[in-house]
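**Q** Input sequences plus hints: build the corresponding full structure.
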Amino acid sequence: MAYYRPYHPPADPELVRTLTQQQNEMRQRQRLEPLAHPPRLIAGLDSSFPTEDTILSVIVVLRFPELELVEKVYSHGPVTMPYVPGFLSFREAPNLVQAFAKLQHQPDVLMVDGHGYAHPRRMGIAAHIGILLDKPSFGVAKQVLTGQHPEPEAEAGSTAPLTDKKTGELLGEVLRTKNRVKPVFVSPGHRIDQDTATALAWHCTRGYKLPEPTRLADHWAEQFKQEIR
DNA sequence: GCGACAG
DNA sequence: ATCTTGTCGC
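Just so you know, our numbering puts 464 at position 180 of the first sequence, and the rest follows in order with no gaps.
These aren't lab readings, by the way, just hints derived from the structure by calculation. Even glycine gets a Cβ: it sits at the ideal position worked out from N, Cα and C. Heads up, a few of these hints could be off.
Unchecked claim - FRET-style restraints, in silico, Cβ to Cβ:
| id | residue 1 | residue 2 | range |
| --- | --- | --- | --- |
| 1 | R490 | P297 | 37 to 47 Å |
| 2 | K449 | P362 | 34 to 44 Å |
| 3 | D296 | R347 | 36 to 46 Å |
**A** Right under this line is the structure:
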């Protein structure tokens, strides 16, 4: 059996150095603390690429814990950065911020597609967005970026720790949202803690692998994709 | 030096 | 992320 992994064009060393420094600076502003108040509105943020040079970001706002859709907005524009593992936020965050500005309702917390603290420099896109908007945020990713973890039990609701192999530090939690289906990776971003992030992700699941906020954002992207053409 | 690598 | 057919399981 031969396994292949996607080939990533070599990233410009100078660019990587600049962005790394920027993430380390943002890390100084990151605050991981319990949510001040229970959320009334939770947002789901997701970006897609209708064409290789066009980015489409969608944000949905749901009432919590009912999970009823309250609002949905989108923003699209030209792609300005290549995808480089570890620097996803610089490619997607700007357009997400543009979409956020269109919201009529202000969400209490943001669920972002991708990692938050579970990042090489603890600055995944979820943390990045939270700091830029000064909003509580956390990430829900479908694949691991960094860290190791044991397999959570097969039953929905089971969790397992995602830790740094070197230091043992807790980076996030692996959450089985659906029976016998690949789990998702939850990690805090900004102004929230791990337990709250995991609890929110779990309380937002409705029988699908992805929690409603990000699942619906992804769903509406298909609809908005038609509007921009 | 050898792998790993969100979306 | 995106492309893309058949296939497996509830």
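**Q** Are the hints correct? Go through all of them and say.
**A** Okay, the hints, checked on the actual structure:
1. R490 / P297: 37 to 47 Å: holds, 44 Å
2. K449 / P362: 34 to 44 Å: holds, 38 Å
3. D296 / R347: 36 to 46 Å: holds, 44 Å
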